[in-house]
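As you go down the protein sequences, you meet chains A and B in turn. For any residue, its number in our numbering is found by taking its place in the first sequence, counting from 1, and adding 148. For any residue, its number in our numbering is found by taking its place in the second sequence, counting from 1, and adding 1.
Take these hints with a grain of salt, some might be off.
Within a straight-line C-alpha distance of at most 30 angstroms, the following computed DSS-like cross-link-like pairs (lysine-lysine) qualify [claimed, not checked]: (1) A:Lys163 with A:Lys153; (2) A:Lys329 with A:Lys296; (3) B:Lys20 with A:Lys296; (4) A:Lys288 with B:Lys20; (5) B:Lys3 with B:Lys20; (6) B:Lys80 with B:Lys113.
In case anyone wonders, no lab produced these hints; they're calculated from the structure.
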Amino acid sequence: MTAEKPKLLEAEGIKQSFVDGAKTVEILHGISLALDRGELVALAGPSGSGKSTLLAILGGLLLPRSGTVRIDGVDMITLRAHHLSRLRREKIGFVIQGLGLLPAMTVLDNIALPLIPSGGAERADLERLNTLLERLEISKLASTRIDKLSGGERQRVAIARALVLDPALLLLDEPTASLDKANAERVLALLTELRQSTSNGQSENRPGILMATHDPRILNSDAVDRVLELREGRLV
Amino acid sequence: MKRFLSLLAFALASLIRRKRRSLSLGFGLLLIAFLLSAALLLHDSIRAEYERLIPGMAELSVHQLRGGRPERIAGDALKELESHPGVRSITPRVWGYLYLPPLSANLTVMAKNGDPALPTILDGTLPDNEGELTIGDRIAHSLGLRPGDSIALPGAAGFQLFTVRGVFTSDSSLLAGDLALFTEKDARSLLGYDDELYTDLAIALSAPSEANAIAARIEKLLPGARIVERSAIERAYALSFGQRAGFLAALLLPILGSFLLIAWDRLSGSSDEERYEAGVLLISGWEFRDILTFRILESSALSGIAAALGISLAYLYLFIFDAPLLADLLLGWSSLHPTFKLTPMLHGSQLLMLVAILVLPFTAISILPAFRSANVDADALLRGGR
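Just chain B, with the same shape it has in the complex (with noise of 0.2 angstroms):
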């Protein structure tokens, strides 16, 4: 251990010896390790969004289509489904969407159903009363606003003003971001929906293995309806991201090729300096793995450290800074929503991860470098050379 310890102690000092190139190499390890982490994390987080939003939607949703586009549905219209034995409830839902023009995005306009995928309420609590509404943290944070304020809502029938009951919070920014709650009839005054009318029909099953049957049964009672699965958009979902992630790869292979060729040429290119070391070493006493542990070292502490930077840099660009432009390329957020924030994520296995793509490809391509510079011709040193 203590040789160990003296010989990455000389290996940093030896970083620090040779700034420019330690520097030059690191800034280029930096970037890629950024990038990575970047993407890694994004997409991971984006993840944990959509895997938190799935648990709490209904195994099915029932729209009515007219002409191709949906349609009011009314709320009994799958009402001799309730007695089938895989269905546990059907819930009609009154929601959709309110433009805001102060913010430039939409308002997701929800009444409340007690639906049980509804985020925790940060501060205060559910509208129970007309004229007030719970309103998302985003949309909370953006206009300013905190429970006992009020806000004037753009309605079917003109503004409406509302008091603020409550804010949500939660893990998800997708489900909460967005959203405000209100009471039934306020969600149908300000969408201009007609009563008994609805949104769509969630349905929830006792046997979510059912879903194939029970839909095949809807589309008999109701021809022309649009039926979605929640393992649809489970695999929607995931094939979204898996495609983005999947794009963000395709750009940085070439990136971290051309990073690793680079780094090759450096670590080769420098030989002679190294080999110069290496004799210098041999000639006092040092063994060849000695020579080659050191520079192993010297590798692992320049990516390691590299790692560590960009790894920092990628959680505080993501989740402080919320990813400008990369956000942009790989969320695919509509610019109609308000602000959309990242969840904080860095787990173990992530790092694990991030640490074996970045640092132990730069110190197996350094291994050889290594080798030959701990390889040298003492002699040849001792006869003169530099």
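For reference, chain A alone in the conformation it holds in the complex (with noise of 0.2 angstroms):
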């Protein structure tokens, strides 16, 4: 008898509030959900309902009044501080909604960012960044600064970077808002690709994929496994 393969990312039970002067108003009540290798599912809802907050809660930088959130099988919830943050550095990628890029870096000092703690990039790394570059078709851009760059361009360095540490689970908060028609396809067409292949070609590897949005353009797209509606703080 084997134990069952423990799923990529698993929520249960997750609530959240926040206190606003003297009354307390409630986010989140009691999401549950799953994500495995090689999904690809968009969280939908308005704005305000919530969806941003899950997405920090499930990327471990804001911890839940209460719910567990489980990354293979680790629950994040009960790690110290140090842990959560290796976990989180090893396991998850981060697109942001503003993207949270440096603009006076370059685009490869932005993508590089996430190596600099663990002594900087060494050649495997660069590799890996290379192909990143290309994969993303900003290799011709890799010394410009980022202030220097369209939206779509700044999206795909956001992803590249989230990329960057080889996560296995990529989780994106409205990746295509600011972008138009074409670039928001390229985006699409990129996270598809990514969720069938990884950096080493082995399946059991592919990265699973949670993006918050309310795009019709990612919504009714063949891409999307799933799509999960977030309204007023509950999965319907």
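Assembling the complex is the task here: the two chains are given apart, and the hints tell you how they should meet.
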């Protein structure tokens, strides 16, 4: 008898609230969801429905009021801060809504940011970096400053940075919100390609992708495996 | 180590990226580093000068006073003290000052009397015959004199011609800078001294602890004489230089305080950008301690570079350019003397102290803002903050 392999991401009973003056506002009312490797799942919902907060909790950036979040079977909520940071670093790639790029730095320096705390880019990292740059069609922009790039190019840089440590889980917040049709399709094609292949070609290591979006171009796309809809803090 | 070097490289790159902020903070730090270093190096250099002088001084020197004014003293005035068990020797000395109009400065004229405190000769020999002199390097430099050259000096009975036999050097400019050594006959002639009368008597003691007892004996033998103990000169020097250093510290402390306040203000004021950057780093997989280390390295690097430049500039200012302005304020050096050249000195302990004064407070003061910016709410950034 073999133990069942844990899902890449499992969240159960996630509740979150914040205090606004004298009253407590409930944002998430017991969210449960799961994601497997190679899955591309969209988290839909209007602005203010709690999508970004849920992403922050699933990514280990915010502690929920209650509930559990497991990555590859490891409960993130009970981990000590140092171990949680390490888990985040090793398993999760983030692309935030504002992209979070450092405008005075070059494309390459922004993408290499995650490598710095482990001592900088080694040969294997450089190879992966080059592969990523080529795959995302930004090789020629490597030494260009971020503030000289178009919106679509910036988006690809943010995705490249999230992928540089080869994460198991990729979380994206509104990745196409400010892009035109061509660039939005390009990002979607890229994500589709990503979940079908890995840097080392092994299917069991394909990343699972969860993206918060209310972009109909994505929600109606065949590339998306499932759409989870969040309304007023509940999955419907 | 790899992690540390990688974070250090990122911190240096970050300083370069934020040129304007780095330059304005760095300039303030550089200025304070320069002032503090100049004050400390100057103080230590002067202290080293007088500490070199002290061992060569007589334990007691005796001057005859008349009506409160110095009077020449007979060479055998303390003859009966020579047999005192605590006294090693009594040396009558002829010395005085001679004004040199071309330099607008005084020359210290001294008769060769085997003084053990005489500085090392740089070039040439001591004067053996009448009409010869050996001079200090600063005077020689000012007048462009070398051994073999001649110089006419304005003595008591008119100008006298001398040949330079040698040029003194010494680690101490205070001792050698304005010195001119002659035969006793020439020194008397220049200063207008009669035979058998001397400027003072230098007394060497076999037991320096006896100085007080012997001074009391001298007072009885020579009523009204002024007896100067070496320990009193030592105390006067220490007090004088201590006061000057204290004066400078009193001036510098408010400057340092103001600067630290400015630094604090700047470090706190730029927190929006730093908090954004910290959020980006956190989302890029950095841990809190990585961000904190990076910020501390950034502050240390900035203050370290400014301190290194400030100390180097202070060294050049003091020992190459002779400390204009500050020398007038601190040295109290008489304009009647020829130029005074500080002896260059820079020790590891001074460097360590300067680094501790300059780098540690700035780094320490930046820890709280660094902590605040590293402890960022990444959730806010994720929800579309800047």
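A quick look at each hint next to the structure:
1. A threshold of 30 angstroms between alpha carbons decides the hint, and for A:Lys163 with A:Lys153 the separation of about 26 angstroms falls inside it, so the pair holds.
2. Proximity of A:Lys329 to A:Lys296 is assessed by CA-CA distance (about 21 angstroms); at most 30 angstroms being required, the pair is judged to hold.
3. At most 30 angstroms may separate the alpha-carbon atoms for a hinted pair to count; B:Lys20 and A:Lys296 meet this at roughly 19 angstroms.
4. For the suggested pair A:Lys288 and B:Lys20, the alpha carbons sit about 27 angstroms apart, so the restraint of at most 30 angstroms is met.
5. For the proposed pair B:Lys3 and B:Lys20, the alpha carbon gap of about 26 angstroms is at most 30 angstroms, so the pair holds.
6. Restraint check for B:Lys80 and B:Lys113: the C-alpha separation of about 21 angstroms stays at or below 30 angstroms, so the hint holds.
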